[in-house]
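4 protein chains.
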Amino acid sequence: MTEQHSVPKLVAVLGANGRMGAEAVKAVDAAPDMKLVAALGRGDSLEQLAASGAQYVVDLTVPESTEANVRFAVEHAIHTVVGTTGWDEGRLSDLESLLAAHPGTGVLIAPNFALGSVLASAFAAKASKYFESVEIIELHHPDKVDAPSGTAVRTAQLIAAERAAAQVPQSPDATTSERAGARGCEVDGVRVHSVRLRGLVAHQEVLLGGPGEQLTLRHDSFDRASFMPGVLLGVRNVAAHPGLTVGLDGYLDLGL
Amino acid sequence: MTEQHSVPKLVAVLGANGRMGAEAVKAVDAAPDMKLVAALGRGDSLEQLAASGAQYVVDLTVPESTEANVRFAVEHAIHTVVGTTGWDEGRLSDLESLLAAHPGTGVLIAPNFALGSVLASAFAAKASKYFESVEIIELHHPDKVDAPSGTAVRTAQLIAAERAAAQVPQSPDATTSERAGARGCEVDGVRVHSVRLRGLVAHQEVLLGGPGEQLTLRHDSFDRASFMPGVLLGVRNVAAHPGLTVGLDGYLDLGL
Amino acid sequence: MTEQHSVPKLVAVLGANGRMGAEAVKAVDAAPDMKLVAALGRGDSLEQLAASGAQYVVDLTVPESTEANVRFAVEHAIHTVVGTTGWDEGRLSDLESLLAAHPGTGVLIAPNFALGSVLASAFAAKASKYFESVEIIELHHPDKVDAPSGTAVRTAQLIAAERAAAQVPQSPDATTSERAGARGCEVDGVRVHSVRLRGLVAHQEVLLGGPGEQLTLRHDSFDRASFMPGVLLGVRNVAAHPGLTVGLDGYLDLGL
Amino acid sequence: MTEQHSVPKLVAVLGANGRMGAEAVKAVDAAPDMKLVAALGRGDSLEQLAASGAQYVVDLTVPESTEANVRFAVEHAIHTVVGTTGWDEGRLSDLESLLAAHPGTGVLIAPNFALGSVLASAFAAKASKYFESVEIIELHHPDKVDAPSGTAVRTAQLIAAERAAAQVPQSPDATTSERAGARGCEVDGVRVHSVRLRGLVAHQEVLLGGPGEQLTLRHDSFDRASFMPGVLLGVRNVAAHPGLTVGLDGYLDLGL
Numbered sequence: 001m002t003e004q005h006s007v008p009k010l011v012a013v014l015g016a017n018g019r020m021g022a023e024a025v026k027a028v029d030a031a032p033d034m035k036l037v038a039a040l041g042r043g044d045s046l047e048q049l050a051a052s053g054a055q056y057v058v059d060l061t062v063p064e065s066t067e068a069n070v071r072f073a074v075e076h077a078i079h080t081v082v083g084t085t086g087w088d089e090g091r092l093s094d095l096e097s098l099l100a101a102h103p104g105t106g107v108l109i110a111p112n113f114a115l116g117s118v119l120a121s122a123f124a125a126k127a128s129k130y131f132e133s134v135e136i137i138e139l140h141h142p143d144k145v146d147a148p149s150g151t152a153v154r155t156a157q158l159i160a161a162e163r164a165a166a167q168v169p170q171s172p173d174a175t176t177s178e179r180a181g182a183r184g185c186e187v188d189g190v191r192v193h194s195v196r197l198r199g200l201v202a203h204q205e206v207l208l209g210g211p212g213e214q215l216t217l218r219h220d221s222f223d224r225a226s227f228m229p230g231v232l233l234g235v236r237n238v239a240a241h242p243g244l245t246v247g248l249d250g251y252l253d254l255g256l
Numbered sequence: 001m002t003e004q005h006s007v008p009k010l011v012a013v014l015g016a017n018g019r020m021g022a023e024a025v026k027a028v029d030a031a032p033d034m035k036l037v038a039a040l041g042r043g044d045s046l047e048q049l050a051a052s053g054a055q056y057v058v059d060l061t062v063p064e065s066t067e068a069n070v071r072f073a074v075e076h077a078i079h080t081v082v083g084t085t086g087w088d089e090g091r092l093s094d095l096e097s098l099l100a101a102h103p104g105t106g107v108l109i110a111p112n113f114a115l116g117s118v119l120a121s122a123f124a125a126k127a128s129k130y131f132e133s134v135e136i137i138e139l140h141h142p143d144k145v146d147a148p149s150g151t152a153v154r155t156a157q158l159i160a161a162e163r164a165a166a167q168v169p170q171s172p173d174a175t176t177s178e179r180a181g182a183r184g185c186e187v188d189g190v191r192v193h194s195v196r197l198r199g200l201v202a203h204q205e206v207l208l209g210g211p212g213e214q215l216t217l218r219h220d221s222f223d224r225a226s227f228m229p230g231v232l233l234g235v236r237n238v239a240a241h242p243g244l245t246v247g248l249d250g251y252l253d254l255g256l
Numbered sequence: 001m002t003e004q005h006s007v008p009k010l011v012a013v014l015g016a017n018g019r020m021g022a023e024a025v026k027a028v029d030a031a032p033d034m035k036l037v038a039a040l041g042r043g044d045s046l047e048q049l050a051a052s053g054a055q056y057v058v059d060l061t062v063p064e065s066t067e068a069n070v071r072f073a074v075e076h077a078i079h080t081v082v083g084t085t086g087w088d089e090g091r092l093s094d095l096e097s098l099l100a101a102h103p104g105t106g107v108l109i110a111p112n113f114a115l116g117s118v119l120a121s122a123f124a125a126k127a128s129k130y131f132e133s134v135e136i137i138e139l140h141h142p143d144k145v146d147a148p149s150g151t152a153v154r155t156a157q158l159i160a161a162e163r164a165a166a167q168v169p170q171s172p173d174a175t176t177s178e179r180a181g182a183r184g185c186e187v188d189g190v191r192v193h194s195v196r197l198r199g200l201v202a203h204q205e206v207l208l209g210g211p212g213e214q215l216t217l218r219h220d221s222f223d224r225a226s227f228m229p230g231v232l233l234g235v236r237n238v239a240a241h242p243g244l245t246v247g248l249d250g251y252l253d254l255g256l
Numbered sequence: 001m002t003e004q005h006s007v008p009k010l011v012a013v014l015g016a017n018g019r020m021g022a023e024a025v026k027a028v029d030a031a032p033d034m035k036l037v038a039a040l041g042r043g044d045s046l047e048q049l050a051a052s053g054a055q056y057v058v059d060l061t062v063p064e065s066t067e068a069n070v071r072f073a074v075e076h077a078i079h080t081v082v083g084t085t086g087w088d089e090g091r092l093s094d095l096e097s098l099l100a101a102h103p104g105t106g107v108l109i110a111p112n113f114a115l116g117s118v119l120a121s122a123f124a125a126k127a128s129k130y131f132e133s134v135e136i137i138e139l140h141h142p143d144k145v146d147a148p149s150g151t152a153v154r155t156a157q158l159i160a161a162e163r164a165a166a167q168v169p170q171s172p173d174a175t176t177s178e179r180a181g182a183r184g185c186e187v188d189g190v191r192v193h194s195v196r197l198r199g200l201v202a203h204q205e206v207l208l209g210g211p212g213e214q215l216t217l218r219h220d221s222f223d224r225a226s227f228m229p230g231v232l233l234g235v236r237n238v239a240a241h242p243g244l245t246v247g248l249d250g251y252l253d254l255g256l
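Residue numbers (the numbering used here), protein chains in the order written: chain A, 1 to 256; chain B, 1 to 256; chain C, 1 to 256; chain D, 1 to 256.
Take the hints with a grain of salt, since some may be wrong.
The list treats identical chains as one, so a pair stands whether inside a single copy or across any two.
Unchecked claim - In silico BS3-like links for lysine-lysine, alpha-carbon gap of 25 Å or less: (1) K9 <-> K144; (2) K35 <-> K144; (3) K35 <-> K9; (4) K9 <-> K26; (5) K129 <-> K9.
It should be emphasised that the hints constitute simulated quantities derived from the structure, not laboratory data.
It should be emphasised that the depicted structure is a prediction, and the values quoted were computed from it without experimental measurement.
Build the full structure now, drawing on both the sequences and the hints.
Here it is, written out as structure tokens:
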């Protein structure tokens, strides 16, 4: 009995041939408290997942297949950590109904597994009501097609909601003469600036300013490896959070 | 009765001729929910404080007089916000005894009133258990006589305590060949680096690193004005926190 | 004769009651190699300048009066350092004609006296032809009415000229989906982003990126005092540069 | 004849199996103006280099073999670009003698091929005489064994030499109470701080400060790919610089 804590978690990875999936296979394999029991890719059958004996599954596939994968896992009582995009309100609502019928199973859907990024967004929102001004700068490689980034949009929305709840007015801005675009775009009243630069990967700064002071929260993603500590943290905690959790911050101890 | 919320708080400032005190006099005077009823300096009598009708007092004096000032205020049921240094364990313990006998009165003793700095330290501590590595860089004007700064030492201690509680090992470091001092000093196992540069005021960065990612929490104090929002926040909340509070973070809503 | 080098330069300041002018009065007064012989403000006569015996004059007045001031000085063989704006092509051309008739006298017109800012712009231009990507972020207090700043526009123009001469193509950018303004404004093909934040003064970053690397040149102006070393450097060098010089970089030793 | 400029340069890479060498093989192969004619590793004979018809060779081997490689190349009139360490004064002097006997051949020995890093060091040295204060922070992954980095030491030496030549006094520092190491180490009177953090690669900041302003020159190496533009620039320019050149900055157009 005293050894029970050392029994490894049995983990399967879906999307194992993709770039993120391949990283996850390596990360699970290297984790001392996990055992990789299946690494499935395009063309493999979900029956292989059931046959593998997996207690946990990490879904890093594509929007077209993630919903079927997750539903299969829940129906087989396999806790699930999802990094695939494409979960709109309808899908989330359907999944919650399914989970209500399988009350012991947990699903985590996380748009972002980089711990530093999740923490920076949460801190930025929390701090933003104590400052007159807040703006966001996100910086990415020049092959990115959308501006601003999804993370910047979500961060701005979190900030806007927190400031609205605390009745903080919009950031002051006396600009009367602007070359079009100089002041960035607006997301729920928060200014966001997108830099595209060869050499960069994915970076974000939230700048908060008050009289005589500035608080800067910056996150740098240098490498896809940065998502793996978050994936493993998800696997380690999903069983203790039955039902649906959206966002890795739901598993972080951020009570200050 | 419906107007009751607009009755201004009656506030006195002690140390009104000092640099911080003079800023506080201006800040209280400009606050729409406060009325400055006394601005006392060296040579003024504490009886003037009692006579002023102050409900709140801000003490920005010197280590030699702060204890007598605070005790006088508590004995007269005046809520007190203290920015003066010199409160060692013995003084704090004596003050707690006095407050036990005046249960409705609140005292806030804050080593740092810059909201951004207090937030940055709290965030850094909270985040530090999720990262392999953490180091601190503090940067000040070259007339500062101590290195590292008191704020950096406190931040390092908070981080070290949080990591110890979560059983996070020390930051990795393969250095075997070091020019003396290159790797900074150590505070409870956390490396701290002190930069001194003409033009700077008071700045601090906490760098947190994990595989493929970095989280940076930076605070810049450009001006003494940066302390005033924190002083006013202290005055606004001290009555709701009877007894002794050390550190402005006790008044901040940081639950995430 | 051997002491001749220690004879102080006789300096007058025009616009002495303005904020920049008042700083200049203090700076000249404190400089060991200068003697302040006149500090003239609105309402004072230029005859007082002539009577003061000034060899050098610093003009920090307003666009309406700077041209008359400088012409008077040149006609009296007084070397002149100008920080006032409003010198368009016509005025500059007229001044050059006047200087041709007074060949021993020097005039420096500098849009920016912060040495760090002038150096950062010069370095950015020089470096920009070695990198695929370049963007500018300028950050100022929220009371500024124009965006982007004049310094950012000039920096972008310098960079664009240097890259054009070296036949470097425009920075790559795959953006196909943009929320209006996210990618900033364009100045001669260079993207510029303007942040406005309470607590800031005047700051600028030039970001240069190539495969796997980034070079960042950042300048922070915390205080009007930052212009004074440049003003004094101007006074010390203007006599050795007869004729018209535009831009403090003309006096800096930047040959690398 | 008019097409002559498009004849590709014939390039060999030595150390092709090492990490840097493998990158160089890819970079030469992808360069439109170059043709890879040999990629030699441990165990291959230098005769293969002679037989390949190479006009240029890139040496990215080990200190034990670089000298023999370069001498062989010079004796065969092959221009050489060297990224291997281990070239002490004695070896350099011997090489110069050899080159004197082969006056048409060029050799570039570069301790650093990252263009941004070379530029940042050159700019920092040039700017440093205009500022009261200068300090260096270098930041690397925690597996690095030496502190400070070789690049930081060289940068500090360049700065110290430039300031000495301009008779600029040491950076001011009023520190009287220091926890050992807080103020970093000293290299020729310049303070250097070494940060070691998981997730980082190789980064350096030079901070320059004067009254009310700061100039920051930062370089980030995210990836070994950052060295390749410098290697190719070396190959493209080495024939036009017969004899020995140490440092890539000798080939850069930095006249300002």
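So, going through the hints one by one against the coordinates:
For the homomeric pair K9 and K144, neither the shortest alpha-carbon distance inside one copy (36 Å) nor that between copies (34 Å) is at most 25 Å. Taking the shortest alpha-carbon separations for K35 and K144, neither the intra-copy value of 35 Å nor the inter-copy value of 32 Å comes in at or below 25 Å. For the identical chains of this complex, K35 and K9 are intra-copy neighbours only, at 6 Å inside a copy versus 52 Å across copies, given an alpha-carbon limit of 25 Å. Only within a single protomer do K9 and K26 lie at most 25 Å apart by alpha-carbon distance; the minimum there is 15 Å, versus 41 Å between protomers.
Proximity of K129 and K9 under a CA criterion of 25 Å is satisfied inter-copy only: 23 Å between copies versus 41 Å inside one chain copy.
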